[in-house]
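Which chain is which? The protein sequence lines are H and P, in order. Residues in the first sequence are numbered consecutively from 39, following our numbering. Residues in the second sequence are numbered consecutively from -11, following our numbering.
Please note that the accuracy of each hint is not assured.
Stated by the list, open to error - Partial list, derived from the structure: chain H residues whose beta carbon lies under 7 Å from chain P:
| no. | residue |
| --- | --- |
| 1 | D53 |
| 2 | A57 |
| 3 | P102 |
| 4 | G105 |
| 5 | G161 |
| 6 | K290 |
Claimed, not checked - The following label-pair restraints were derived from C-beta to C-beta distances:
| no. | chain 1 | residue 1 | chain 2 | residue 2 | range |
| --- | --- | --- | --- | --- | --- |
| 7 | H | V236 | P | S243 | 22 to 32 Å |
| 8 | H | T201 | P | N37 | 55 to 65 Å |
| 9 | H | R227 | P | E246 | 18 to 28 Å |
| 10 | P | D141 | H | N323 | 29 to 39 Å |
| 11 | P | N114 | H | R187 | 25 to 35 Å |
| 12 | P | D253 | H | D249 | 32 to 42 Å |
| 13 | H | T209 | P | Q242 | 54 to 64 Å |
| 14 | H | T84 | P | G103 | 18 to 28 Å |
| 15 | H | V236 | P | P255 | 40 to 50 Å |
Stated by the list, open to error - Straight line, CA to CA, 25 Å or less: simulated SDA-like cross-link-like pairs of lysine to any residue:
| no. | chain 1 | residue 1 | chain 2 | residue 2 |
| --- | --- | --- | --- | --- |
| 16 | H | K51 | P | T360 |
| 17 | P | K86 | P | E29 |
| 18 | P | K8 | P | M231 |
| 19 | H | K51 | P | Q209 |
| 20 | P | K237 | P | Q209 |
| 21 | H | K51 | P | P214 |
| 22 | P | K356 | P | N110 |
| 23 | P | K115 | P | D25 |
| 24 | P | K237 | P | P214 |
| 25 | H | K308 | P | E140 |
| 26 | P | K13 | P | P214 |
| 27 | P | K116 | H | K308 |
| 28 | H | K308 | P | S93 |
| 29 | P | K13 | P | A202 |
| 30 | H | K51 | P | E99 |
| 31 | H | K51 | P | C279 |
| 32 | H | K51 | P | R139 |
| 33 | H | K51 | P | F338 |
| 34 | H | K308 | H | G105 |
| 35 | H | K51 | P | M231 |
| 36 | H | K51 | P | R61 |
| 37 | H | K308 | P | T333 |
| 38 | H | K308 | P | R61 |
| 39 | P | K8 | P | P214 |
| 40 | H | K51 | P | N251 |
Source of the hints: derived by calculation from the structure; they are not laboratory data. Being a predicted model, the structure only gives us computed values, none of them experimental. Glycine included, C-beta positions come from ideal geometry on N, C-alpha and C.
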Amino acid sequence: MNSMLTEPTAAVKIDSLLAPYWAEIVEIVPEAEGIVTIWLRFLDQTLQERYSFAAGQFNMLYLPGYGEAAISISSDPQRPELIGHTIRFVGNVTRAVSRLQIGDTIGVRGPFGTAWPLETYQGRDIVIAAGGIGLASLRPVIYQILNQRDLYGRVVLLYGARTPSDLLYSTEFSTWEDNQVEVLTTVDRADESWLGQVGVVPMLFYRLRLDTDSTVVFSCGPEIMMRFVVFEGLARRIPHHRIYLSLERNMKCGQGFCGHCQYGPFFICKDGPVYSFDQLEPFFNLEDF
Amino acid sequence: MHTHKVIELMTEMNLTIGSKVSIQKSELNHLITLLRDFGYETIGPKIHNQAISYAVVEQLEDLPQGYSSEQERGYYRLHKGNHNRYFGAAPGSDSWKKFLFPPRSTLFSAERENGGWNETINREENKKFAFMGVRPCDLSAINIQDRVFIREDYVDPIYSTRRAKALIIVVNCLHPSSTCFCTSMGSGPQATSGFDLSLTELEDVFLVEIGSDAGIALVQQIEWAPASANYLQIASKKMEKSMQAVTRKIDDPQSVPEMLLANLDHPHWDEVGSRCLSCTNCTLACPTCFCWEVEDSTNLAGNRTQRTRAWDSCFNLSYAAQAGGNIRPTTRSRYRQWLTHKMGTWVEQFGESGCVGCGRCIVWCPAKIDITEEVNSLREVTA
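One chain only, chain H, in its complex shape (with noise of 0.2 Å):
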């Protein structure tokens, strides 16, 4: 009984600072130029079973040398034996990322932050507004809705990336429209091969008519993308606290210790990264701050 009370929940120690748990590549998805999906399990057998995560948390991936990165887990909270991260190679401890290969073993600290409010939303309309590896943090959600798809009404997923080849998942945009999606794209710059929209992600508001007493915006990407997705939904009327993003800030711990991740009042690796617009709303403004 008494080892019951010991076992992981969540694959954080708390008598050793920073210390991870051990995890291994089990498959690694190509999704983009310089963008893949690692999918890791751990070593241990108990945090195997225990570990569980919901939509829009992340975890701390250490690479021994190199450091750690907060990644946002990408893939079902309800197969939290699997974890997925979608990993773009971009700073110090994702080019190293970019090296390794299935059987290499990753450190996994996690999961933190706060979750998309799904189950506060239940019976409303969703639109996800995401820019390119944005969509990573918000991939669950679409996961969890279609795991209980009658619990939502219209779900409406906006997405854009700098050309077609730099959409993510975009294998999956078949299933998610069979399961009533709806899945409306855009791009920066076309090719030949491209027959759909080119503009940025809050234009493709123009294409919807929603219903605004019900609809709930959940948005993950650019600063600067979701300025105006917050613009576009506030112009429909949707309320401040009726709009969601996921904030991205420089992290090193998790746990509200380091510092780094402060915006204001808070701590976004534990009271965010996920926040209504209209706690954000006093300091979304203002210049490098």
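For chain H, the structure is supplied; the task is to place chain P on it using the hints.
Quick look at chain P alone, frame taken from chain H:
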């Protein structure tokens, strides 16, 4: 004479929490020895590089007896005063933070083994500190860091382990310096709780207030006398004088958090940003600043690495840098972050201000930036 009296009186007075006694100054040496016998590493003020710093104290003579300090904006000097006090000099840039939240801590090391990694966690060593000479403002600073590092959701194992065992001996401030503004922040010049013992240094004795069971156990083993009405009166008069000697003020301190958040676009941020060197001195000297970074150091073969936590500062350019760019690329934005956090958003985060009014950031700023003046300037209405 004194000793004889003690023996008589000790049977009449039971030591309890809140008891006030007097001890001869030489008895402090006895206390230091006792602390060693109890297994404590006693830390106190010592002179190092012409300033007070905190280091191991083994005997009474280690203390900077007879010294006073002089503090101004960007200025700190120690000199021999015309007194024999042991705690006459105010702290330098050091604070107790470096013992509870060490500037560098090894967290773990990892070694490559059979294609995987095997980590060895560096468990917190069994450090038992006795802090002797903690100023009331610095005691407030420790209480503030308690709220940062020991929370309901997460606990910092290094800080909490050291903190749980630490014994605190306060020295009340009878001679505040010109950079002190503890009365604005409600942290001094007298400590009322949160210590094991508190000392008030009079000309010939220490008045000792007992604040805990550990404090009782210590005083029981040294020579003491009940604090006489005369001593108590002298102390209370001196404390009143000390309170009035704190002349640096922040206007209407209660309203500062709200005022700062209402002035995030104030032109004064540009002005102070042009003077600030982003040197990080204020954050390192600050007894409450808690930010840290973490780094890996690897051997050449790449099969062994050590993970270390080290103090960081929001003034460092790398602090808010991430793959998408630097959030705070200007000194203006970094100074704004520091000040609005320290005296503003800290309240929302931890229930009280992050500033204790110790004045270290004023003293150790090479650009002579004065936090009290900056706050008062931000209050000025712009045209």
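Query - Holds or violated: K51 (chain H) to R61 (chain P), with C-alpha atoms at most 25 Å apart - result: Distance of about 44 Å is beyond 25 Å: violated.
Report task. Would you settle whether the hint for K290 (chain H) is holds or violated, based on the nearest Cβ-Cβ distance to chain P being less than 7 Å? Result -> Holds. Min distance 5 Å.
**Report entry** Hint validity - G161 (chain H) Cβ closer than 7 Å to any chain P Cβ
**Finding:** violated (31 Å)
Query - 25 Å Cα cutoff - pair K51 (chain H), E99 (chain P) - result: holds (19 Å)
Query raised in the report: Should the hint that D53 (chain H) touches chain P count as held when the rule is a Cβ pair under 7 Å?
Result: holds (5 Å)
Report task. Decide if the proposed pair is consistent with the structure: K237 (chain P) and Q209 (chain P), CA atoms, cutoff 25 Å inclusive. Result -> violated (42 Å)
**Report entry** Pair hint outcome, K237 (chain P) versus P214 (chain P) [Cα-Cα no greater than 25 Å]
**Finding:** Between K237 (chain P) and P214 (chain P) the Cα gap is close to 36 Å, so the pair fails against 25 Å, i.e. violated.
Query raised in the report: Does the structure keep K8 (chain P) and P214 (chain P) at a Cα separation of 25 Å or less?
Result: Between K8 (chain P) and P214 (chain P) the Cα gap is close to 6 Å, so the pair holds against 25 Å.
**Report entry** Verdict for T209 (chain H), Q242 (chain P) (Cβ pair) under range 54 to 64 Å
**Finding:** At 58 Å between Cβs, range holds.
Query raised in the report: Quick one, are K86 (chain P) and E29 (chain P) close enough, alpha carbons at most 25 Å?
Result: holds (14 Å)
**Report entry** Pair hint K308 (chain H) and G105 (chain H), alpha-carbon separation not exceeding 25 Å
**Finding:** Holds, because 20 Å separates the two Cα atoms, which is no more than 25 Å.
Query raised in the report: K51 (chain H) and Q209 (chain P): Cα distance at most 25 Å?
Result: With a Cα-Cα distance of about 42 Å, the restraint between K51 (chain H) and Q209 (chain P) is violated, given a limit of 25 Å.
Hint check: violations occur at hints 5, 7, 9, 11, 16, 19, 20, 21, 22, 24, 27, 35, 36, 38, 40; the rest are consistent with the structure.
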